[in-house]
Structure formats: structure tokens, C-alpha cells
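Enquirer: What follows is each chain in one-letter form.
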Amino acid sequence: MMLKRLLILTTVSLLTVVVATSAVACTGKKVVIGRTATLQQELLARVVMELIDKRTGTAVNEVIFDTPEAAHAALLKGEVDLGLEYTGVIGASLLSQAPTADADALYALVRKSYSADLNLMAIRPLGFENRTLAPAGSANQAVVILRKETWKKFPALDRLLEKLSGKISDQTMQEMEAKAAAGDVPKVANEFLRANKLY
Amino acid sequence: MTILNPTVSSPRGAHLAALFRRWCPLLSLLLLAGCFATPASVQYLDGAAITDAQIWSGTVLIRGVVTVTKTGQLTILPGTRIVFDRIDVDGDGIGDGELLIEGGLVAKGTAAAPILFTSAAATPARGDWKYLYLDFAQRAEVAHIISEYAYSGIQIHFCRARVVDSEFRYNVDGVRFSTVNIELSGNRIHHNTNGLRYEERRSTAAIHYNDIVANDVGIFIVTRSADQAVIESNNIAGNQIYNVKLGLSQPTDVSLPRNWWGTADPDAIAASFFDRKFDKELGTVLAPEPLEQPVALP
Numbered sequence: 001m002m003l004k005r006l007l008i009l010t011t012v013s014l015l016t017v018v019v020a021t022s023a024v025a026c027t028g029k030k031v032v033i034g035r036t037a038t039l040q041q042e043l044l045a046r047v048v049m050e051l052i053d054k055r056t057g058t059a060v061n062e063v064i065f066d067t068p069e070a071a072h073a074a075l076l077k078g079e080v081d082l083g084l085e086y087t088g089v090i091g092a093s094l095l096s097q098a099p100t101a102d103a104d105a106l107y108a109l110v111r112k113s114y115s116a117d118l119n120l121m122a123i124r125p126l127g128f129e130n131r132t133l134a135p136a137g138s139a140n141q142a143v144v145i146l147r148k149e150t151w152k153k154f155p156a157l158d159r160l161l162e163k164l165s166g167k168i169s170d171q172t173m174q175e176m177e178a179k180a181a182a183g184d185v186p187k188v189a190n191e192f193l194r195a196n197k198l199y
Numbered sequence: 001m002t003i004l005n006p007t008v009s010s011p012r013g014a015h016l017a018a019l020f021r022r023w024c025p026l027l028s029l030l031l032l033a034g035c036f037a038t039p040a041s042v043q044y045l046d047g048a049a050i051t052d053a054q055i056w057s058g059t060v061l062i063r064g065v066v067t068v069t070k071t072g073q074l075t076i077l078p079g080t081r082i083v084f085d086r087i088d089v090d091g092d093g094i095g096d097g098e099l100l101i102e103g104g105l106v107a108k109g110t111a112a113a114p115i116l117f118t119s120a121a122a123t124p125a126r127g128d129w130k131y132l133y134l135d136f137a138q139r140a141e142v143a144h145i146i147s148e149y150a151y152s153g154i155q156i157h158f159c160r161a162r163v164v165d166s167e168f169r170y171n172v173d174g175v176r177f178s179t180v181n182i183e184l185s186g187n188r189i190h191h192n193t194n195g196l197r198y199e200e201r202r203s204t205a206a207i208h209y210n211d212i213v214a215n216d217v218g219i220f221i222v223t224r225s226a227d228q229a230v231i232e233s234n235n236i237a238g239n240q241i242y243n244v245k246l247g248l249s250q251p252t253d254v255s256l257p258r259n260w261w262g263t264a265d266p267d268a269i270a271a272s273f274f275d276r277k278f279d280k281e282l283g284t285v286l287a288p289e290p291l292e293q294p295v296a297l298p
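Going line by line, the protein sequences match chains A and B. Going by our numbering, the first sequence runs without a break in its numbering and finishes at 199. Going by our numbering, the second sequence runs without a break in its numbering and finishes at 298.
Looking at chain A on its own, in the form it has when it is part of the complex:
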């Protein structure tokens, strides 16, 4: 009891508090990626985040949305800088295009429309197709979407993201998802990047 009192008295007598205004210091550039909660999106987002962080030193945060539509809306509003979308879904839902199996033509259309109408950049496809959402008969390649406003601040970002283009085949994606489901998503993402000599 005596020791407790001594501690309190000593604490009170020695503790000084200085209160003043907070200062604001530079916190460095940051990029935010939006994604949905699926394992595939979590994994792809982590690949992108690790690539940007490791190659440029720029910190990347992620925001998780309930639906692809909400993630897309956040991209348009500038709440996030990057998104992960699928060409077939874009073609059907946003561009009102009839399904097409011509993956190259569909991507070219998405790229042109996004650039002209939405001020977005559709980076060349990652390589695999997501067939679980895809409109019947349509190619549905995964693409990273980058806001042009963000690209102006990070002019090397499209060039960096292009390094992922064609690197994730259907088989690679399946294997990565299987590994990620059983364990550590950041580890799987980093293993992929290292195996492809991307950092």
C-alpha cells in the first residue's frame, strides 16, 4: 500500500505535460487501390501493392468494397487511384456491348472508352480470364484500371503496371488462388513477383 502511494505521488510530482498545437509534416506519396472481398481480388490487389511498393517505394493502401459497382464508383470519384476490373463485365454493364469472344478487340474498346469517356487508363490485361462472372460468350480478361489524375502524379505507374501484363495465365491464377486459400496472401503475391523477376 505504501509502495502504491509512493508510486502515485512520485508519478504525479514528476510528470509534466506540455500541450501545444499539432504540427503537420510530409507523409510522403500514397496510392490507394480499391477491390472487392473475393480471394482473387485480394490476391491481385496484393500483387499490385507489393509491386508498386517494392519498385518505387510508394506506400499503397487498399479499400475493400461490397460490390464491383461500388469499387468502380469510387474510382470515378477519385476515392481510390487504382481498380481491378474485367473486360467482359465492363463491356456488358458499362459499354452496353454485345458479348464477344475477341479478347483483343474487347480490350481495345474498353481502353478507348475508358480513356475518352471516364479519364481512366485500362492497363494491358494481366493474362487470365475470370469465367465466373463473365457474360455468356464473352472474353473476360482481368485488367488494372488507373486514374489519369493519379498517373499525372506518378507518371511511371502505367509503365510499371504494364510489367504485369500477360504474366498471370489461367493456370497461374488457379495455382495462386489455391495457395492463397490455404495460407498467406502477401507471401503468395511476393513469391509470384520474385519468380517473375519483377522485384
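Source of the hints: derived by calculation from the structure; they are not laboratory data. Mixed in with the good hints there might be a few duds.
[To be verified] Derived DSSO-like pairs (lysine-lysine); straight-line CA-CA distance at most 27 Å:
1. A/K30 with A/K187
2. A/K77 with A/K152
3. B/K277 with A/K197
4. A/K30 with A/K163
5. A/K167 with B/K70
6. A/K163 with A/K153
7. B/K280 with A/K153
8. B/K277 with A/K187
9. A/K163 with B/K70
10. B/K70 with A/K29
11. A/K187 with B/K108
12. A/K29 with B/K280
13. B/K280 with A/K77
[Stated by the list, open to error] Quick partial rundown of chain B residues pointing at chain A, CB under 8 Å, derived from the structure:
14. W56
15. V89
16. G93
17. L116
18. R197
19. G247
20. S249
21. F274
22. D275
23. F278
[Unchecked claim] Label pairs and their computed distance ranges (CB to CB):
24. B/P257 with A/D104: 45 to 51 Å
25. A/G127 with B/Q240: 26 to 32 Å
26. A/D104 with B/I87: 26 to 32 Å
27. A/P155 with B/Q228: 54 to 60 Å
28. A/G127 with B/I87: 15 to 21 Å
29. A/Q174 with B/A206: 29 to 35 Å
Even for Gly, the Cβ is constructed at its ideal location relative to N, Cα and C.
Following the hints, complete the assembly by docking chain B onto the known chain A.
Expert: Just chain B now, kept in the frame of chain A:
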């Protein structure tokens, strides 16, 4: 400056009382140690601006950003402990605690009584607090400090600084700088994500007699290096991923002569660099005249 009274009932008093309760366990331990040794002082700073000359000793507990303004001069005595609370108001995953120096800093510990910058977390981790940040500092002399569990153990921009005989460990970036006139010597930079990270941007840098070992990446040369930084007579070895990594926008070669790389085999040394071998847009890391044995630190 206010003496804390934990029983006051005003809103301000309630805030102070809450702070008291938050820090009480740590303070009790620190003060208990102090009661049976030499008298220890404990100062609590919650977002303070230092505009005049101050001397720190004992233990300084920091929450948020403490700024030494252009008119301020902070001297930190040997053996001082600066402990940062782990808060993350902006939710970016990096603690908000920071000591920002725009005025003067003299932080000169001794080998026997280094100055410690650390996290208050019970289980500390990299990035618990932001950094010791020298930005346009008027004067900066740093010796015999230990900086740990920060985003950057020390970050230096737009000033002249001398950082010697110190230890930077368990940070994201151990030491980070750009656009400076800097001497780094006799430092032990280990177990960080990046041991040394810099953007040269016309810096004058003399980096010698340092251990840059056991980091994920030893040296991360992010961008805009014109190969003017002199990085010589260091031990740059045993870094887990790469000893040297070039960032995306470093298209020209960078030379690091006369260092110890853990081996004198040129092929093995080159294999520990991330450079043009991996990406043709990058320059090449050159390591002429590699040393055949480790450098003895002062």
C-alpha cells in the same frame, strides 16, 4: 508547462486524467526504476511545438507530432529515452508519432549511454511510429542514438546532417534521405526492410564505415541518382533479398566501390543486386574493387 493532476474534473482535466491512466503503468515502471537509482524525469508531450531552446533527459513520452520549429533548438542528453505512443489516426497502417526538426537538433549520446527512440507498444513492430524527421533543419548532429520500430529510423531532407556511431534497427527504412549534405559513418543499420534508402537528387553524401547488414534490402536507390553519393568502405552483406536494389526510375548506373559484400567473388556480388539484369530500363550496380574482408567500424 503543466503539472498533471489526475483528479481535476474539467474537460481538459478529464483529458489529462485519461492520458495519465493510459501511461500510468509504463510511468510506474519507469519511475520505480528511477526511485531506486538516480532521479528520473518523465515528460509527456502531446503534439507539441518547441520554439525555444530545450534540453531533454530522462524519459520523454510522445503522442502525435512534436515539432522543433525554426526558432527551436533541441538538445537531447545521453541516456534519454524517447518513447512514441502507437496511434494511427489516419488509418494508413503507419503510426503517427513523429519528432520533426526544422530548427536545431543535437542528439549526442555515448557508447555507454545511447539515446533511444522507440515504440511504447507492448509488442513493438516496424512502423509503430513515423520517424525522426529532419526537414530543412538548421543544424543536425546525431551520434550514438538507437532508433527502432519506426517507419524510418531517421529521415533527412534539405539540410546538412552528420549521423554517426548510431544503430537503426527494426524499421521499415533504417536511414532515408534525399537532397542533403550528409555524412553517415560508424552506424549499424540492420534488420530493417530497407537498410538505407535514398533519392540522391543532387545530394552530397559520404557514407562510410557502416554496417548495412541483415536487412531485407541493404540499400534501396529509389530514383535520380547521378552516382555522386560516395558509398565506400562499408559492410553491405547478408541482406536477405538484395544487397542493393535500384528503383523503377533509376536508369543510369550506380557505383559502390571498395565495400565488403560478404564475398569477393564478382559474380556472387553482382547476383545480390537488383538492376539491369532484371529490368532493361534500369541501370547497373557496379562494385569495383570489392574488399576481401569486412571493414572494422570505428
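Enquirer: Does each hint hold? Answer for all of them.
Expert: Results for each hint:
1. A/K30 with A/K187: Given pair A/K30, A/K187 holds - Cα atoms ~22 Å apart, limit 27 Å.
2. A/K77 with A/K152: It holds: about 16 Å lies between the C-alpha atoms, which stays within 27 Å.
3. B/K277 with A/K197: holds, 9 Å
4. A/K30 with A/K163: OK: A/K30 and A/K163 at ~20 Å, within 27 Å.
5. A/K167 with B/K70: violated, 51 Å
6. A/K163 with A/K153: holds, 19 Å
7. B/K280 with A/K153: holds, 24 Å
8. B/K277 with A/K187: Within the cut-off at roughly 24 Å; holds.
9. A/K163 with B/K70: violated, 44 Å
10. B/K70 with A/K29: Holds, at about 25 Å.
11. A/K187 with B/K108: Outside the cut-off at roughly 40 Å; violated.
12. A/K29 with B/K280: holds, 26 Å
13. B/K280 with A/K77: violated, 36 Å
14. W56: violated, 11 Å
15. V89: Violated. Min distance 10 Å.
16. G93: At 7 Å from the nearest chain A Cβ, B/G93 passes the 8 Å test, so the hint holds.
17. L116: For B/L116, the interface hint is violated, since the closest Cβ of chain A sits about 19 Å away, which is over 8 Å.
18. R197: holds, 7 Å
19. G247: With a closest approach of 6 Å, the B/G247 hint holds.
20. S249: holds, 5 Å
21. F274: This hint holds: B/F274 lies near chain A, its Cβ roughly 7 Å from the closest one there, short of 8 Å.
22. D275: Hint violated; B/D275 Cβ to chain A Cβ min 11 Å, cut 8 Å.
23. F278: holds, 5 Å
24. B/P257 with A/D104: 45 to 51 Å: holds, 49 Å
25. A/G127 with B/Q240: 26 to 32 Å: holds, 29 Å
26. A/D104 with B/I87: 26 to 32 Å: violated, 50 Å
27. A/P155 with B/Q228: 54 to 60 Å: About 24 Å separates the Cβ atoms of A/P155 and B/Q228, which means 54 to 60 Å is violated.
28. A/G127 with B/I87: 15 to 21 Å: Since A/G127 and B/I87 have Cβ atoms about 42 Å apart, the given range 15 to 21 Å is violated.
29. A/Q174 with B/A206: 29 to 35 Å: Distance hint for A/Q174, B/A206 is violated at roughly 52 Å.
When held up to the earlier numbered hints, the structure conflicts with 5, 9, 11, 13, 14, 15, 17, 22, 26, 27, 28, 29 and fits the remainder.
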